[in-house]
Amino acid sequence: MTDEPLLRVSALSKFYGSRVGCDNVSFDLWPGEVLAVVGESGSGKTTLLNCLSTRLLPSSGTASYRMRDGQFRELYRMSEAERRFLMRTDWGFVHQNPADGLRMTVSAGANVGERLMAVGDRHYGKIRATAVDWLSRVEIEQDRIDDEPRAFSGGMRQRLQIARNLVTGPRLVFMDEPTGGLDVSVQARLLDLLRGLVTDLGLAAIVVTHDLAVARLLSQRMMVMKDGRVVESGLTDRVLDDPRAPYTQLLVSSILQV
Amino acid sequence: MPTPLVVSDVAKSFTMHLRDGIKLPVIAGVSFSIKAGECTVLGGPSGAGKSSILKMLYGNYAVDEGQIIVSHEGGLIDLANASPRTVLAVRRQTIGYVSQFLRTVPRVSALDVVAEPLVERGEDREAARGKARALLSQLNLPEKLWALPPATFSGGEQQRVNIARGFITEHPILLLDEPTASLDATNRDVVIELIAAKKAAGVALLGIFHDHDVREAVADRIIDVTAFAPGKLAA
Ligand SMILES: Nc1ncnc2c1ncn2[C@@H]1O[C@H](COP(=O)(O)OP(=O)(O)OP(=O)(O)O)[C@@H](O)[C@H]1O
Ligand SMILES: Nc1ncnc2c1ncn2[C@@H]1O[C@H](COP(=O)(O)OP(=O)(O)OP(=O)(O)O)[C@@H](O)[C@H]1O
Ligand SMILES: [Mg+2]
Ligand SMILES: [Mg+2]
Chain A
0 MTDEPLLRVS ALSKFYGSRV GCDNVSFDLW PGEVLAVVGE SGSGKTTLLN
50 CLSTRLLPSS GTASYRMRDG QFRELYRMSE AERRFLMRTD WGFVHQNPAD
100 GLRMTVSAGA NVGERLMAVG DRHYGKIRAT AVDWLSRVEI EQDRIDDEPR
150 AFSGGMRQRL QIARNLVTGP RLVFMDEPTG GLDVSVQARL LDLLRGLVTD
200 LGLAAIVVTH DLAVARLLSQ RMMVMKDGRV VESGLTDRVL DDPRAPYTQL
250 LVSSILQV
Chain G
0 MPTPLVVSDV AKSFTMHLRD GIKLPVIAGV SFSIKAGECT VLGGPSGAGK
50 SSILKMLYGN YAVDEGQIIV SHEGGLIDLA NASPRTVLAV RRQTIGYVSQ
100 FLRTVPRVSA LDVVAEPLVE RGEDREAARG KARALLSQLN LPEKLWALPP
150 ATFSGGEQQR VNIARGFITE HPILLLDEPT ASLDATNRDV VIELIAAKKA
200 AGVALLGIFH DHDVREAVAD RIIDVTAFAP GKLAA
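Quick mapping for you: the protein sequence lines, in order, are chains A and G.
Numbering that gives the first Met the number 0 numbers the first residue of the first sequence as 0 and each following residue consecutively.
Numbering that gives the first Met the number 0 numbers the first residue of the second sequence as 0 and each following residue consecutively.
Quick list of in silico lysine to any residue cross-link-like pairs, SDA-like style, CA-CA up to 25 Å:
(1) A:K225 <-> G:S82
(2) G:K22 <-> A:Q248
(3) G:K143 <-> A:D191
(4) A:K225 <-> G:R84
(5) A:K225 <-> G:Y60
(6) A:K125 <-> A:V105
(7) A:K225 <-> G:H16
(8) G:K22 <-> A:Y246
(9) A:K225 <-> G:M15
(10) A:K225 <-> G:D63
(11) A:K225 <-> G:T14
(12) G:K130 <-> A:L196
(13) G:K130 <-> A:G201
(14) G:K34 <-> G:A61
(15) G:K130 <-> G:F100
(16) G:K22 <-> A:V251
(17) G:K22 <-> A:V230
(18) A:K225 <-> G:G20
Hints listed in this document are in silico derivations from the structure and should not be mistaken for laboratory results.
The following block holds chain A by itself, in its conformation from the complex (with noise of 0.2 Å):
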C-alpha cells in the first residue's frame, strides 16, 4: 500500500452557461479505494464524473493523477494526445448504456481484443486467448466470442463492456449507473461479478449511481451530492446508518431498507 492518493481533487466546478454542473468538489482517491457517487438527477453527478474522466473540461478547479512512474500529472495541462492514452490503457469508463461503451458491429472477441491492440499488444493468438480469458471472467459463454453485442442481451453487453474495460489491467475506472438500464436480477449478478473484479483487482473506481444499494455493496467511501454541490461525504456505512446532512437524510429515508 502506498502513501500517496491516485487521484487528487480540487475546487472543481463546472457551469454550463450559468447553470450549476457540478460546484466546488473536491476529494481525495486511493488505490484500491471504491468512491460511489450518489445523489438526485441533475445534482452534477455525470458532470462530475466527465470532469474526472477529461472527457469534459471543468470551468475551474484541478485534479491530478499519479502516473505509473510515481509522478502527479495535471489532468487539464496534459495534451488531449496525453489524455487519450490515459483513458486507452490506465483508466476504464463504463457507461450506463452499453452501446456508448462497445462498439456494436464487431464481434464480442475484438471488442475485448481492441483495447489490447491499443496498448500495444499484437500477437493473434495471445489477443484472442486473453478475450477468451475475460470472456468468461465475465461470465459469458466461450461459443459467443464471435457474436456482434448487437445479439446480446442487456446484461451481457454490460458484462461485455466490463470486460472490454478491465482487460488491459486499469488502475482506475470511471463507472456511470452501471447497473441502471438493467432488471433487478441482472443487475445483481452484474453487482456482485463487479464487486469480485474490483476486490481482486484491486481497482480503484468512481461508481455514479442513483442506487444507495449499489453504493453499499461496491463502496468504501461516499459522496452525497445536490444541486451541484457535495453535502455529505465519509464512509458509506457511516453515511448511510448516520446520515446528518438533511438532503441525505431525506435519501436515506424514502428507501425500504439498504
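Position chain G with the ligands relative to chain A; hints supplied.
Here is chain G with the ligands on its own, set in the frame of chain A:
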C-alpha cells in the same frame, strides 16, 4: 503496553431533519477504557445507547464530541476525528466487530463470508478457508450450508456465520453486540468458550449481552450506560 482503547467525554445525539430538526440526545460524557485480556460489558436498559457506543467505536456512527483513542499499529489514533481511510485501516488491523445481525452479500458463500476478513488482511485464501471451516464446525453450523450464501439461513445460523466472521481474525480489540441473542444453549456455550480463548490471547473485548448467564460467564467488569444519560451530565 498501551491501553488498547480509551474513550473520553464522548457525546452523541441525532438531529432528525425530517421531523422539524428535533434533536435526540442519546449519551453524553461517556468515559471509560478497556483492558487487554478482559471482557468489559456495557449494561443498561433498551434504548440507553449501548449499541450507539459500539457503533461510534467502530466508526459506523459519527461522534459529536470527545475522543476515542485507539492504539493502532504502534501509534495512537483519535477515531472520533479520523479520516475514512484511517477508520478502514483500524477496522482491518485493530478493531473487529460482531454486529447484531449479519448483513448478507448476494452469491457469496458462508465459508467465504467468514474467510473474507483474513483475506483482506493479506492471508492466503485457502488457509483462510481452512480456519473458517474450523470455526463453523466449532459453532455447529451444518456442513451442507457452508457453500451456500447465508441470505436464506435462519436467524441463529446467520448469527453463527457472523460470529465466526468476527472471531476469525486476531484483532487486538473485539466489539460484540448481542452475539448470543438468537442462539440455543449449546451454541451460547461455544461463544462463551470463544470469548474465553480471546481473553487468554490478550484481546480486549467490549460487549453487550442481554443473556444473564452469558454475562455472568464472560464479564470482568460491567459499565452501566445509564450513567451517561445526557441529563446527568451536569452532576
Ligand atoms: N451539456 C449540458 N448543457 C447544459 N446543461 C447541462 C449539460 N449537461 C448537464 N447539464 C445540467 O447540469 C446539471 C447536472 O447534470 P448531470 O447530468 O451532471 O446530472 P446527474 O446528477 O448525472 O443526473 P442524472 O441522475 O439524471 O443522470 C443539470 O441541471 C443538467 O441539466
Ligand atoms: N441511526 C439512528 N438514527 C436515529 N436514532 C437512533 C439511531 N440509532 C439509534 N438511535 C436512537 O438512539 C437511542 C439509543 O439506541 P441504541 O440502539 O444505542 O440503544 P441500546 O442501548 O443498544 O438498546 P437495545 O438494548 O434495545 O439494543 C434510541 O433512542 C434509538 O432510537
Ligand atoms: Mg447522470
Ligand atoms: Mg442495542
